[in-house]
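2 protein chains.
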Amino acid sequence: MKIAVYGYGNLGRGVECAVQKSPDMELIGIFTRRAPESIKPRSGVPVYKNDELVNFKDKIDVLILCGGSATDLPEMTPALAKDFNVLDSFDTHAAIPGHFARVDEAAASSGHIALISAGWDPGMFSINRLYASAILPNGKDYTFWGRGVSQGHSDAIRRIKGVVDARQYTVPVPEALDAVRSGSNPALTTRDKHTRECYVVAEEGADLVRIEREIKEMPNYFADYNTSVTFITMEELKRDHMGIPHGGAVITTGRTGWENENTHVIEYKLKLDSNPEFTSSVLVAFARAIDKMHKRGVTGCKTVFDVAPVDLSPLSPEELRAHML
Amino acid sequence: MKIAVYGYGNLGRGVECAVQKSPDMELIGIFTRRAPESIKPRSGVPVYKNDELVNFKDKIDVLILCGGSATDLPEMTPALAKDFNVLDSFDTHAAIPGHFARVDEAAASSGHIALISAGWDPGMFSINRLYASAILPNGKDYTFWGRGVSQGHSDAIRRIKGVVDARQYTVPVPEALDAVRSGSNPALTTRDKHTRECYVVAEEGADLVRIEREIKEMPNYFADYNTSVTFITMEELKRDHMGIPHGGAVITTGRTGWENENTHVIEYKLKLDSNPEFTSSVLVAFARAIDKMHKRGVTGCKTVFDVAPVDLSPLSPEELRAHML
Chain A
1 MKIAVYGYGN
11 LGRGVECAVQ
21 KSPDMELIGI
31 FTRRAPESIK
41 PRSGVPVYKN
51 DELVNFKDKI
61 DVLILCGGSA
71 TDLPEMTPAL
81 AKDFNVLDSF
91 DTHAAIPGHF
101 ARVDEAAASS
111 GHIALISAGW
121 DPGMFSINRL
131 YASAILPNGK
141 DYTFWGRGVS
151 QGHSDAIRRI
161 KGVVDARQYT
171 VPVPEALDAV
181 RSGSNPALTT
191 RDKHTRECYV
201 VAEEGADLVR
211 IEREIKEMPN
221 YFADYNTSVT
231 FITMEELKRD
241 HMGIPHGGAV
251 ITTGRTGWEN
261 ENTHVIEYKL
271 KLDSNPEFTS
281 SVLVAFARAI
291 DKMHKRGVTG
301 CKTVFDVAPV
311 DLSPLSPEEL
321 RAHML
Chain B
1 MKIAVYGYGN
11 LGRGVECAVQ
21 KSPDMELIGI
31 FTRRAPESIK
41 PRSGVPVYKN
51 DELVNFKDKI
61 DVLILCGGSA
71 TDLPEMTPAL
81 AKDFNVLDSF
91 DTHAAIPGHF
101 ARVDEAAASS
111 GHIALISAGW
121 DPGMFSINRL
131 YASAILPNGK
141 DYTFWGRGVS
151 QGHSDAIRRI
161 KGVVDARQYT
171 VPVPEALDAV
181 RSGSNPALTT
191 RDKHTRECYV
201 VAEEGADLVR
211 IEREIKEMPN
221 YFADYNTSVT
231 FITMEELKRD
241 HMGIPHGGAV
251 ITTGRTGWEN
261 ENTHVIEYKL
271 KLDSNPEFTS
281 SVLVAFARAI
291 DKMHKRGVTG
301 CKTVFDVAPV
311 DLSPLSPEEL
321 RAHML
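Protein sequence lines, in the order shown, are assigned to chains A and B. When we follow this note's numbering, the leftmost residue of the first sequence carries the number 1, and every step to the right adds one. When we follow this note's numbering, the leftmost residue of the second sequence carries the number 1, and every step to the right adds one.
Chain A on its own, in the form it takes in the complex:
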C-alpha cells in the first residue's frame, strides 16, 4: 500500500513515523508547499514540491492530508479528491456537513474515495458516541477533554500584548467526572465540566494584572470557565511544558429494564503523550481501510462511521475472528 503525505508539520511527521510501524505500507513521498530542500525527513523519504503531485496520479494509493482545518483542508481535500484517494483530519465540527458535500462531489465524480475527519475527536470519540447511543437509545453522552494542551487556546493567549509564550491545559473537573461515572445523569454547564490552566511567559515589566484579566475575561475561550493563570519563566516553560499531551473520555450512561431499573456506564478513555502522533496513528489505520474499500469499488466521501472495523486491520478476517473476537 503506497502512502504519501501532504504537509509536514507535527501531524505529517507523525504519519511518517506511524507508516514505519505498518509492515503492509510504504511511504513513497512527502509533498510540501515549502522548499523541499528545507525538509530533512527522519525516514529519508523523498520530499517533493506540492505541484509535483500531478506526476504521481497513479503511484499513490492514499494521500494523507496533514493541513489545518481553518484554511488548508476546506480547499485542499476537495481539490485533491479529484486525482487521489484522500484522507483528512478536518476537525471543525460545525462545518463537517458542508466539507463532506464538497469532498463527496469531487471524489464520487472522479471515482475516488475520500475520508474526512479522522483522528480522535472527531474520530474515535465520535465512533464511541455512536456505538454507545445505538446500544443505549435512552442514554446520555458526555465528552470530557484533557488533561491536555489546547493549541487554539495557547495561541489566543499569545496574541495578548506583553505575552511572549504560553501553554493552556484543558482539565476535566474531577467531581464532574465522578458524577457522570456514577450514572446519575447530571446536568453540567461548561464551567462545571472543565477548568483551564494557563502558563504564561510575560515580557519583562509587562502588566501582569492586566494580562491575567484579559485572559480570564476573553469571550468563548476563557470567560465561561474557571481559569487559573500562572506566570513562569521561559526556562520553566521549556523545561516543563514542551510536550503535547492530550486525551479525554466519552462516557455514556443509560438505563434498561421495564422500569429503567438498571444503569449502565460505557466509557472510552484516552491518555495520550502526543496528541499529533496519536491522531496520525488513527489516520494511518483509516488509510488502510479506504484503500481496501476503494479496491472493492467503493467511491465518494466517507467518515469513520462508514468503515467496518475489519478494514482497519492488517490481519485477515479469519485471523481476527480466531484471535481477537
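The hints are simulated quantities; they were obtained by calculation from the structure and are not laboratory data. Do not rely on the hints blindly, as some may be mistaken.
Copies of the same chain look alike in the list, so a pair counts if it works inside one copy or between any two.
[As the list claims (entries may be wrong)] Within a straight-line C-alpha distance of at most 30 Å, the following computed DSBU-like cross-link-like pairs (lysine-lysine) qualify: (1) 57 - 40; (2) 49 - 238; (3) 216 - 40; (4) 269 - 193; (5) 49 - 216; (6) 57 - 140; (7) 216 - 269; (8) 82 - 216; (9) 2 - 140; (10) 238 - 292; (11) 82 - 2; (12) 161 - 292; (13) 140 - 292; (14) 21 - 269; (15) 193 - 216; (16) 49 - 59.
Mind docking chain B on chain A? Use the hints.
Frame of chain A; chain B shown alone:
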C-alpha cells in the same frame, strides 16, 4: 423492522425490553421450546411453539437467537440461518471459527445474513481490541472482567456436594489495573489479574472445610486464582446477591515516535447493572445493522467486525455526521 426472539430466558426478556426502546422496531413474537401458555411476556407479545416458525418465513426481518453457547446455538444458528436472518451471542471464543463456517454456509447458500457472537465479550470488547490494535500496531492489550457475577463459576460451585446455592464474583486486581493503566506494559499471570469471591449457601451440617477446599482446588475454575469463600445464609444470598452485574475493561497501551518515546493508553470500560440486559441491547443494535445490510444485498455470516458503525443507528448518515461526528 420486524424482530422475533427465539428463547425466553434472561437474554430473551432483555431483547423484549430493548426492542420497546427502539421506535424503528417491532417485536412480532417470542418462540420457545416450552409450552407457549406457560410464558406471559411483559410486553404482551404473542408466544409461539418453536415449530410454528415455519409459518413465519417471510414475516420476520431478523430472528434473535437467545439460546446457550454450549448446546443450543451450535445447532440452532446454522439450522435457522437457512430460513431467516439470524443473530446470536455465541461466546465460546475458541469455537468461533467452526461456528462461523457452519453458519456462513447455511446463510450464504440460502441468501440470508447471519451475525454471530454479538454482545460485550465477544462483541464490544472485541471491537475495541481491534480498533486499538489497528491504531497502535506495536501495542499490547489487556482484558479485565468484573466486578461481576460469573454464571459458569457459580454453577460449578453448585455442583459440589453439600452446596445449596452460590454466587461467584470475578474481581480485577486493582494493582494490576493500575500497572496496565500506567503504560508500563506489565507481564501478568492469571492470578495477577483477577481474584474470585465465592458466596456459598451450604446444607445444614455440611463439611464447610471440605467445600472450601474443593472450591479452591477446582482446576481451570479456581485453582489458578486467589479465591475467597464466604458462607452465607439463603436469606443473605436473596438479600444481597440477586443482581447480575458485570463489566470490565479492555486497555491497550502502545508507543509512538522515532524512539518509541510517547506512550498512549486506550481504555474501553463497561459498568453494567445487568449483564443480560446490556448484552440484549447490543444484540438489538446489531439486528438493526444486519437488516440494513441484507436490504443492500449482503448475505452470509458476519461478525461485529464486519459492521460499519453507521448501520447500528436509527439515525440517518446525514444526522450522524451533523450531530455525532
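Going down the list of hints, with the structure as the test:
no., hint, verdict
1, 57 - 40, "within (24 Å within a copy, 65 Å between copies)"
2, 49 - 238, "neither (33 Å within a copy, 74 Å between copies)"
3, 216 - 40, "neither (41 Å within a copy, 62 Å between copies)"
4, 269 - 193, "both (16 Å within a copy, 20 Å between copies)"
5, 49 - 216, "neither (43 Å within a copy, 69 Å between copies)"
6, 57 - 140, "neither (45 Å within a copy, 37 Å between copies)"
7, 216 - 269, "within (29 Å within a copy, 36 Å between copies)"
8, 82 - 216, "neither (45 Å within a copy, 66 Å between copies)"
9, 2 - 140, "between (41 Å within a copy, 26 Å between copies)"
10, 238 - 292, "neither (43 Å within a copy, 54 Å between copies)"
11, 82 - 2, "within (18 Å within a copy, 42 Å between copies)"
12, 161 - 292, "neither (51 Å within a copy, 57 Å between copies)"
13, 140 - 292, "between (34 Å within a copy, 25 Å between copies)"
14, 21 - 269, "both (23 Å within a copy, 27 Å between copies)"
15, 193 - 216, "within (17 Å within a copy, 46 Å between copies)"
16, 49 - 59, "within (16 Å within a copy, 61 Å between copies)"
Hint violations for this structure: numbers 2, 3, 5, 6, 8, 10 and 12, all remaining hints satisfied.
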